[in-house]
Structure formats: C-alpha cells, structure tokens
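Protein chains in written order, with the working numbering: chain A, 1 to 229; chain B, 1 to 229.
Because the hints were derived from the structure by calculation, they are not lab data.
Mixed in with the good hints, there may be bad ones.
No distinction is drawn between identical chains; accordingly, a pair holds when it is met within one copy or between any pair of copies.
Claimed, not checked - Calculated cross-link-like contacts (lysine to any residue; reagent style SDA-like; alpha-carbon spacing at most 20 Å):
#	residue 1	residue 2
1	K84	A60
2	K33	E122
3	K179	N123
4	K74	T90
The structure presented is a predicted model; accordingly, all values stated were derived computationally and were not measured.
There are 2 protein chains.
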Amino acid sequence: MIGRMQIRPQQGPAQPADSVALLPGHQGEITDKRLLRGARTRQIVLCQAVDIASLDGLEAVSFGRLATATGISKAGVQTLFRTKEALQLTAVGYARELFTEAVVAPARLVAHGVARLRALIENWIVYVERPLFAGGCFWVANLADYDSRPGPIRDALKHQQQEWTTLLAAELRHAVTAKEIRELDVELAAFQIDAVLRATNTALRMGDDDAVVRAHRIVDGILVPLPRE
Amino acid sequence: MIGRMQIRPQQGPAQPADSVALLPGHQGEITDKRLLRGARTRQIVLCQAVDIASLDGLEAVSFGRLATATGISKAGVQTLFRTKEALQLTAVGYARELFTEAVVAPARLVAHGVARLRALIENWIVYVERPLFAGGCFWVANLADYDSRPGPIRDALKHQQQEWTTLLAAELRHAVTAKEIRELDVELAAFQIDAVLRATNTALRMGDDDAVVRAHRIVDGILVPLPRE
Chain A
1 MIGRMQIRPQ
11 QGPAQPADSV
21 ALLPGHQGEI
31 TDKRLLRGAR
41 TRQIVLCQAV
51 DIASLDGLEA
61 VSFGRLATAT
71 GISKAGVQTL
81 FRTKEALQLT
91 AVGYARELFT
101 EAVVAPARLV
111 AHGVARLRAL
121 IENWIVYVER
131 PLFAGGCFWV
141 ANLADYDSRP
151 GPIRDALKHQ
161 QQEWTTLLAA
171 ELRHAVTAKE
181 IRELDVELAA
191 FQIDAVLRAT
201 NTALRMGDDD
211 AVVRAHRIVD
221 GILVPLPRE
Chain B
1 MIGRMQIRPQ
11 QGPAQPADSV
21 ALLPGHQGEI
31 TDKRLLRGAR
41 TRQIVLCQAV
51 DIASLDGLEA
61 VSFGRLATAT
71 GISKAGVQTL
81 FRTKEALQLT
91 AVGYARELFT
101 EAVVAPARLV
111 AHGVARLRAL
121 IENWIVYVER
131 PLFAGGCFWV
141 ANLADYDSRP
151 GPIRDALKHQ
161 QQEWTTLLAA
171 ELRHAVTAKE
181 IRELDVELAA
191 FQIDAVLRAT
201 NTALRMGDDD
211 AVVRAHRIVD
221 GILVPLPRE
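Isolated chain A (complex conformation) (with noise of 0.2 Å):
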C-alpha cells in the first residue's frame, strides 16, 4: 500500500492568484504554473479536509477551520471551493480517491474470490489502524452524522458505501463459483463483513487491541472451505 504522505502532493505556496499574474515571463509558463500552484493548493485543502471530517465529522469542515488548518486565506479557500457543500462533497470525492488507491487498487494485483477478497480486507484494516485519515474510517465517522440527513452529501456517502459492499459481493460470488468457499447469500455476507470491519474500525479507536484478531476471525467464520475434490 502507497503511504498517504507519499502519494501527497508538495505543499505550495498559498500566494493569490493575481500577484502571479503581474510577474513578468513567458505567458505559456505563467499560466502552467499558475494552474500547478492551483492544484497544489487545492490538494493541501482537501488532505486537511478529509483529516478533519473523519475526526470530528464534515459539517466541521469550513472555510475559516482550513484556513486555519492550512495558513491559506480564507478567501482562497473560498475561491477554490465556492460553497461549504462543494467543498464537503469534494472531500467526500476525494476520501474515496485515497481508499481506491490504498484499498482497492492493490487488491487488484490479486486473482479474483478469496484471495482478492482476503486482501481487500487485509487492506481494509491497514487502512483504519495506520491510519489513512487521522480519525480512522471516514465512512464510519461520516454515515453517523449523515445517515439522518437527507441531501447530496449522505448519497454521495451511501453511495460509495454501496460501492464497496457490491465489491466485496462480487469476490465472495467469484470464491463460490470457484467452490473455494461453501455455498452462501454474497449480499448477506458483504454486508456482514462489512459490519465487522466497521465494528472493528471503533474499537480500534477505542484501543481495544484483540479487534484485528476477532475480525479476522469471524471472516474465517464466514469463508468456509469446501474440500478439494
């Protein structure tokens, strides 16, 4: 798995925009450069939002708190974002680029069904006990404030949380139609290792140190071998 602070970008300088315009130079590079620095600044926002919303929720991240956070103007953050949503939902995008690429992506390298499956959840676990986001799941941290707020935040939330059950359905379909795994309901397994994983998640947090164990554990539970012929 790529290390976030790896797979962050150099921090830029948080200069506007117009005092880049008045330099003088090559027009062409100017504006190279003032498009990098743009997405530079962008993704230093964004890695601070994301912290922020999976320790103390998205309705904490604001324009004035990643001010703060990032000693970038409140304005500039607000030029780049333009709404409190735009800039949650962006988060919310964004969160899900950075679990594909420490979660999803190198599962996969691995054959589809139980191998796959294992090392989604293998990397599932590194994922919230490193953790990728300072508060450990953001889903975990985000669906409990969301799940009663109806708008495009909390779909776009249950949607990738749909996202992901519907992959791990999708190996535990290939590891029985391999008959590596006894015979079972995907849906209701997904959701179920799911469950545990989330479980796992807070008690992780909560220093509970048996919680890597037991997951692995009830997941073996669920995997059942069927005998080589």
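Could you slot chain B onto chain A? The hints should help.
Just chain B, lined up with the frame of chain A:
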C-alpha cells in the same frame, strides 16, 4: 414497548439545598413543589439533549441550543448542569436509562438463552426503527464522534457499549449451555451480532427497507439450533 414520555423516570433536585432551607412558609410543601419543578425542568432538558446528541452528536449539546429547544433560559439550563461536559455526561447516563427501559428490561421477562437473546435483538431493532431517539441509535451516532477523543465521555460510551455486548455474550452462553444452539465463541458472536445491529441502524436511517429482514437472517445464521436428542 412503553413509549418514551411514559417511561421517563423522576429526576433528582436541581436547586442547591441551601437556597431551599432559607424559604419561609410551609417548608415541606414548598420544598416538594420546587423539587418537583426542578426535576421536571431537568427531564425536559435531558429529553432534548439525547435527541440532539442522536442527530448531531454530543458536541452539539450546549446550554444555548438546549435553551432554544426547550424555551428555558440559558442561565436556567446552566444552573441545572453547571458545565457542558457535566450536561453531556448526564445525557449519556439518561440515554442509557431510556435504552435499558426500552430494550433490556422487557427482555428480562423472557427465559434466559435463545428466547431472551431474540427478545433483546427484537427490542433493539424496534428501538432504532421507531426510533427511541430522533437520530436512531445513540451509541452509533456518538461513538463515531468520540472514538478518537479520549476522556470521560468516551469512557462512559465505551463502558455502556461493553455492558451491551457483555449482556449478549451472557445470553449466548446460556443458549450454548442449555444446548439450544451449537457451540460457538460467545464473545465473538456477541461482537458480530452487535456489529450487524449497528450497521442495520445506519441502513435503516438511509431508507434501506431490507435492513430488518437481513439482520434477522444474519442472526439466524449465527444461532444455529442443535437438533433435539
């Protein structure tokens, strides 16, 4: 299950004892009325506090917000609870009381083992379906916020969470000892059932109509009956 307004217990006095002692007149009667009024005010505030905490988290439980929600002056609320943390901790204790009365107490009327376990699970599902607290499960909502914040609030939430899984484990042990279900690791199964219930709470909040049927099917998969000899 008894409705929330009916099961609310009487609370203790809110006025400092010294000010009561200074009052003229029929000492006993006035003291009783004042005590009663203090207790009522306290309960009105706590009822709002647990709802707010279940929706927006315990951080949102403040003197100002409760004053607005109840119509009681901010100073009045502050006199009752003194500090924000004391108010939050009292709300956590009150949530536990309501939970016990709605979920645990009715199940005590049922025989130990599978019957009581099923009653606990059924009452728990009703507790989040109805729901007892406006935002669904109080602990799902607040553990997600406090799992990364060590302190007395996290300790209280963690302790209550453990009480619940310990209760589930004890009934599972009864069921195994009485040979009602096949042998299993009761702590592991209790963790698993709790994880599924918590995930069911979130699924219900997000409008997943299959959530309850799924929860029952997963529980059925864990509580495998032993054939009678």
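Verification of the supplied hints:
{"no.": "1", "hint": "K84 / A60", "verdict": "both (10 Å within a copy, 19 Å between copies)"}
{"no.": "2", "hint": "K33 / E122", "verdict": "neither (40 Å within a copy, 61 Å between copies)"}
{"no.": "3", "hint": "K179 / N123", "verdict": "neither (24 Å within a copy, 38 Å between copies)"}
{"no.": "4", "hint": "K74 / T90", "verdict": "within (17 Å within a copy, 37 Å between copies)"}
In terms of the numbered hints stated before, the structure departs from hints 2 and 3, listed from lowest to highest.
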